Each structure stands twice: as C-alpha cells, then as structure tokens.
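A.B. asks: Build out the structure end to end from the sequences listed, making use of the hints.
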Amino acid sequence: MFALVALDLPLKQAFTYTIDPEIADTVAVGHRVVVPFGKREMTGYVIELLDAFNAPYELKPIKRVIDASPLYGRQLIDLADWMSRYYLCSLGEALSMMIPGGRRELGIPPLEIEEDLSFERIQHLSDEQDAAIKEILRREKPMYYLYGVTGSGKSEVFLRCAEAVIAEGKSVIYLVPEITLTHQLAQQVSSRFANKVAILHSALTPSQRLKEWKRIVRGEVDLAIGARSAVFAPFENLGLIILDEEHENSYKSGNTPRYHARQVAQRRCQQEGATLVMGSATPSLEAYSLMLDGSQVGALRLSKRVAGGSMPRVEVVNLAFEKSLVSSALKQGIKQTLDKQRQVILFLNRRGFSYFFHCNSCGYELHCPHCSVALTYHKKSEQMVCHYCGYRTAPMRVCPECRSVDVTYSGFGTEMVEQEIRTLFPKARVERLDTDSAKEKGHVQKTLSEFRQGSIDILLGTQMVAKGLNFPKVELVGIVLADSGMNIPDFRSQERTFSLLVQVSGRAGRYNDQGKVIIQTFHPDNPAIQYALDGDVEGFYNEELVVRKETGFPPYSRLINLVLRGRNQKKVEEETAKLEALLDAGSAHIKAEVLTAGECPLEMIASNHRFHILVSGKDGSSAHHLVSTVLASYTPPSTVYLEVDFDPLQLL
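Just so we're aligned, residue 8 is where the sequence shown starts under the numbering used here, counting upward by one.
There could be a bad hint or two in this list.
[Said to hold, decoys possible] Derived lysine-lysine pairs resembling DSSO-like cross-links, with alpha carbons at most 27 Å apart: (1) Lys259 - Lys148; (2) Lys46 - Lys67; (3) Lys330 - Lys342; (4) Lys311 - Lys523; (5) Lys342 - Lys221; (6) Lys259 - Lys330; (7) Lys218 - Lys259; (8) Lys434 - Lys386; (9) Lys342 - Lys434; (10) Lys218 - Lys70; (11) Lys523 - Lys434; (12) Lys218 - Lys347; (13) Lys46 - Lys259.
No lab work stands behind these hints, which were simulated from the structure alone.
Keep in mind that this is a model prediction, so the values were computed, not measured.
C.D. replies: In structure tokens form, the structure reads like this:
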C-alpha cells in the first residue's frame with residue numbers, strides 16, 4: 008500500500024510513501040506520520056491511501072505513525088485544500104496550522120473551568136432577542152449578523168441558538184477574538200452544556216490543545232470555544248459557527264497562510280451545510296456592506312441594553328486646552344465615580360512610559376537600529392524597547408551624537424498614565440493591563456477577576472480592555488487619547504478608530520443609567536469622534552462607504568498586498584521592481600491593477616528591508632487570478648522572502 012502525504016513546506020505537491028506491512032493496519036487518512044524527506048525526517052499528514060502507484064524512482068517508507076487514531080477527516084482536508092488555493096499556500100502548510108502539534112497525552116492536567124453561577128441561563132428574553140433567535144433557527148439564509156448596541160444581549164442569543172442546534176444532535180463552534188474571552192465564556196457556559204465544552208486556542212500547550220482536539224474527535228464535545236484557530240475544530244456534524252465581535256483584527260492570521268477566520272468559517276459552513284452567525288456593535292465595513300445588500304446575510308438588530316442600563320453619556324475634551332494628559336474633566340469624573348464606590352476603566356492604546364527620545368541641541372532622535380520605529384521608554388524595567396523586534400537598550404541621558412545633556416523624552420504610554428493616576432488618587436486601587444504586564448504568568452486572569460470582584464477601583468489598559476469584557480460596576484470610561492491610531496497611513500484607520508471608541512465606551516453603565524464616557528483628543532472635529540459622540544453608527548458607516556467608493560477601496564474592491572523583505576535593501580528593491588513588471592504585464596489581460604509599489608510605511612523590521620506591491624481588483628476573483636497566475640511562474644531568490652496577504656487589514 009501507499010500513502011499520499013502532505014508536508015509543512017511551501018511546495019504545492021504531496022508526496023507518495025510506501026506503507027510497510029507491519030504498520031499497514033495503523034495508517035489511515037487523518038493520521039500524522041513521520042517520513043524521510045531529503046536528509047531529515049518530517050511530520051506529514053496522510054490525505055489519501057493508494058492500492059497501487061507507479062513511480063519511476065524508488066519510494067521511501069513511512070517511518071512511524073504518531074497517533075493511535077486519526078485526527079482529521081475528509082472535511083478538514085477539503086477545507087485545507089480550499090485554503091491552499093485561496094491563500095496560495097501548500098496543503099501541508101494549511102493542515103499543519105489546523106492540527107495541534109502535541110505528541111503525548113500522559114501527565115497532562117485537565118483544563119480547569121470554574122463554574123460561575125452568576126452567568127446562569129437568562130429566563131426572560133427581550134422581544135428583539137426572541138425574534139432574532141427564531142429568525143436564525145429558520146435558516147432561510149446561510150449567514151446572519153446580530154447587529155446591536157454594546158450590552159444588548161447578543162451572547163444570550165448566540166447561546167440559545169447553540170442549545171437548539173445541539174438538541175438536534177449537531178455541534179457548535181463559538182469563536183471569540185481574545186484568549187481572555189475564551190476562558191470567560193467557558194466559565195459562563197460550561198454548566199449550560201453539561202461540561203461537554205472544549206477550549207481551543209494558541210496559548211494552550213501543544214499537548215493540552217491536542218487533548219482537547221481528541222475529545223472532539225471522540226465525540227465527547229458538543230461546543231468548542233476558542234480564538235481564531237478554533238474554526239478548525241474537527242467536528243463531523245457541524246451545525247453552527249458563531250463569530251462574536253466580528254470586527255476584531257485578531258481574527259486575521261499574521262502567519263502563512265494569512266487566513267481570516269470569517270472567510271474560513273463562511274467556507275466551512277457552505278461546505279458542511281452549517282449556519283454562520285456573526286455579531287458586533289461595530290461590524291467591519293465589509294460585513295456592513297453585505298448586510299445592506301441582504302442577499303447573503305440576514306441583518307438582525309438589537310437596539311436596547313438588556314440589563315436595564317441605558318447608553319452612556321459621552322463628553323469630548325479638547326486636549327489642546329489642557330495642561331495635563333489627565334484633563335480636569337476626567338479627573339473630576341474619576342473622583343465622582345470613586346466617591347460612589349463604582350469603578351473606572353481608562354483606555355490608552357500605547358504601552359510604555361514615554362515614546363520619543365529627542366536631543367534639543369542637534370535634533371537627534373533615538374530609533375531602533377533594526378526597525379523604522381522610535382524606541383519606547385519603559386520606566387518599570389528601565390529600558391528603551393522596540394515593540395516590533397524586541398530590541399532593548401538602556402535609557403540615555405546624553406545625546407550619542409553631540410554629547411549634549413539637553414535631551415527630552417516626549418509622548419506618553421500606559422506606564423506614565425498609571426503613575427499620574429496613582430499620584431492623583433493615592434487611595435485608589437489601580438492596576439494596569441497591557442501586553443507588558445500580561446507577560447507575567449496568570450496576571451491577566453488575576454487582574455480581570457479582581458476587577459470583577461471590586462478589588463480594583465481603576466483599570467488602565469490597552470486594547471485588551473476593549474474586547475467584549477463585561478463588568479457590572481463600571482460607571483466611567485476614560486479614553487486618554489483617542490488620536491493614537493487616527494493618523495496611520497492606512498485606509499482603515501478611521502474605521503478602526505471609530506470601532507475602538509464605540510467598543511471601549513460600551514464598557515460603561517451596562518447595569519445602570521449613570522454610565523459616562525470621556526473622550527480626550529487633539530482632533531475633536533474628526534468624523535470618527537463626532538459620530539462616536541452622537542452614537543451614530545449608521546451615520547459613520549454610510550459616510551465611510553461613500554469615501555471608500557470614491558477611492559476604490561474595499562468593500563468596493565479586493566486588495567492583495569505582496570510584501571518582499573530581506574537584509575539586502577538593493578536586492579529587495581530589484582525583486583520588487585521585477586515582480587511589479589510581471590504583474591503590470593499580466594494586468595493587461597486581467598481586470599486588476601497595481602495600485603502602488605515601493606517601500607512599506609515601516610520600511611525596516613528586525614533588520615529586514617520591506618517593500619510592497621498593492622494589487623486591486625474590482626471583483627472578488629480578478630486580483631486573485633492575476634496574483635496566482637504571476638506567482639505560478641515566479642520564485643524569489645533565497646535571500647528575499649515573499650509574503651502574500653489577501654484582504655489585508657493593515658498596510659504598514
């Protein structure tokens with residue numbers, strides 16, 4: 008017998024191996040196997056068994072089988088095959104990304120899911136919730152979008168639909184954008200689903216993830232909860248995929264294949280006859296456009312908060328007239344909230360203490376030697392840090408160029424805001440939650456648990472605090488600087504700013520009518536801020552759609568970003584020009600075009616010079632056809648690496 012095996016290599020073909028008689032009974036489609044490849048051994052994925060194979064050369068045998076039973080079936084192989092064609096990767100690369108890499112289960116402690124009785128099944132639904140559930144379960148459309156204000160009860164609608172689908176004998180995948188939310192959700196729903204819940208996300212060890220994966224394969228699980236990669240949960244009888252907070256960028260993979268969980272979920276539901284239900288208070292513009300069209304996606308509106316709270320009052324503060332990064336209005340708001348023994352969330356999308364080292368004598372600015380970005384000063388660790396490559400150096404008190412001591416650190420991050428808040432409110436219990444503090448083991452869960460219990464008065468954080476977390480006692484949300492993502496050279500910057508403002512604001516006043524949001528900005532007239540101030544979601548989207556249509560950006564086109572990088576700047580530039588010429592020549596016959604080619608806005612990261620080519624097509628297939636046709640006959644030299652990003656979420 009022979010086995011067709013896919014390998015985790017950027018090679019389009021699978022490879023045929025012989026199966027020795029002594030292991031023939033243990034090899035099946037869906038097994039991981041160890042095979043020789045050149046002078047090394049690799050893990051491969053069996054995708055087909057063959058009774059006969061005529062080869063003009065001697066075939067090598069499979070060395071050994073890793074798993075006692077298959078880990079994946081034909082459905083995931085078909086999905087991986089689609090991904091390989093859609094995202095231009097190999098079948099092996101797609102399968103390798105789907106399937107956990109753990110090898111042993113012995114000695115692995117079970118994942119602990121604490122039951123929290125405060126999240127029992129809600130007895131009474133609002134009329135809007137009830138209508139949404141009935142519409143989804145009618146399954147008249149392949150996709151539905153639950154579009155509601157923050158705190159409108161989307162989660163309960165999702166869970167009721169999941170219960171109904173599971174009662175029919177089918178399985179459910181529930182996707183959330185953050186690993187933090189995975190554990191929060193698992194704690195909420197474990198008892199509702201008789202503990203037949205699996206957790207899948209990248210923060211688990213490979214062996215933990217493999218153990219959860221095998222529970223699903225054995226049919227011990229009805230509901231899989233997880234971040235992006237949980238979309239590949241190996242259910243054989245999938246009935247529903249829920250994609251919560253659909254707008255979140257974390258659903259897009261940063262590694263090959265650069266897939267978006269929404270696109271993969273859509274394909275998987277189509278392939279397996281399941282229903283896709285998405286939800287957000289701030290849909291992506293692509294999803295909003297599909298809702299307006301209505302032919303593929305059924306839009307379901309939830310307009311009221313279900314816990315009795317009203318939408319928070321919003322106040323905008325112009326920082327141009329303030330002397331401190333904590334304005335007088337924000338200071339007063341924090342004091343009033345603490346006096347009532349309620350809680351405060353402060354949001355700032357900048358880590359560190361301060362951002363820019365500047366010499367006032369010669370103008371020197373300190374940048375990362377490996378990246379095109381300024382270093383950030385972290386006071387706690389007393390280091391200057393690059394947030395792109397991790398480079399670290401000691402802070403400078405003297406200019407390295409002219410030796411002047413007239414130097415300043417400007418800008419501010421979460422560490423500086425934390426210091427000022429502790430100075431202003433010395434009796435308040437303050438905690439910071441950002442990527443730096445999250446590196447301490449258990450810090451995120453401990454902080455969120457203490458904040459929920461009321462042991463922390465003020466929670467200061469970056470994007471972590473904006474993603475679906477629900478705290479009953481939060482009355483004030485302060486957005487310290489709303490401008491941080493506004494001036495990025497990216498056509499999505501306004502959309503991201505608006506979404507972030509609405510989502511962060513939505514943490515306030517969920518359970519009472521006293522919620523308040525204070526937005527601090529140097530640009531109070533910016534449309535994203537004005538629409539967020541008025542709570543006018545449709546107004547912002549409709550205006551942004553007009554801008555996108557005029558400029559030809561998504562959802563009115565399809566973009567593909569090809570990034571070439573390497574240590575030799577001249578070589579990368581030459582290859583970019585060569586590939587651009589090939590694409591230009593191909594575009595004469597295909598309705599797609601090269602919009603721009605040149606240095607990336609972040610020209611260097613980790614000592615790699617970066618150039619990009621942005622390809623656009625008016626329909627969904629033309630840009631893909633152009634790029635796939637050209638790349639079929641183009642291979643970059645070994646010193647230049649090519650990244651292909653379909654439907655990029657950022658162009659930096």
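A.B. asks: Evaluate each hint against the coordinates.
C.D. replies: Cross-check of the supplied hints:
Taken as a hint, the Lys259 and Lys148 pair is honoured in the structure, with Cα atoms around 25 Å apart against an allowance of 27 Å. Between Lys46 and Lys67 the alpha-carbon distance is near 12 Å, which keeps this suggested pair within the 27 Å criterion. Note on Lys330 and Lys342: the hinted pairing holds, with a Cα-Cα distance of about 18 Å set against a maximum of 27 Å. A distance of roughly 17 Å separates the Cα atoms of Lys311 and Lys523; the hinted pair therefore holds under the 27 Å criterion.
A distance of roughly 52 Å separates the Cα atoms of Lys342 and Lys221; the hinted pair therefore is violated under the 27 Å criterion. Simply put, Lys259 and Lys330 have alpha-carbon atoms about 39 Å apart, too far for the 27 Å limit, and the pair is violated. Taken as a hint, the Lys218 and Lys259 pair is honoured in the structure, with Cα atoms around 25 Å apart against an allowance of 27 Å. A C-alpha spacing of about 22 Å is found between Lys434 and Lys386, which places the hinted pair at or below 27 Å, so the restraint holds.
For the hint linking Lys342 to Lys434, the alpha-carbon distance of about 11 Å falls within 27 Å, and the restraint holds. This hinted pair checks out: Lys218 and Lys70 have alpha carbons roughly 24 Å apart, not beyond 27 Å. Using a Cα cut-off of 27 Å, the hinted pair Lys523 and Lys434 holds, with the two alpha carbons roughly 22 Å apart. The straight-line distance between the Cα atoms of Lys218 and Lys347 is roughly 47 Å, outside the 27 Å bound, and the hint therefore fails.
For the hint pairing Lys46 with Lys259, the CA-to-CA distance comes to about 35 Å; that exceeds 27 Å, so the pair is violated.
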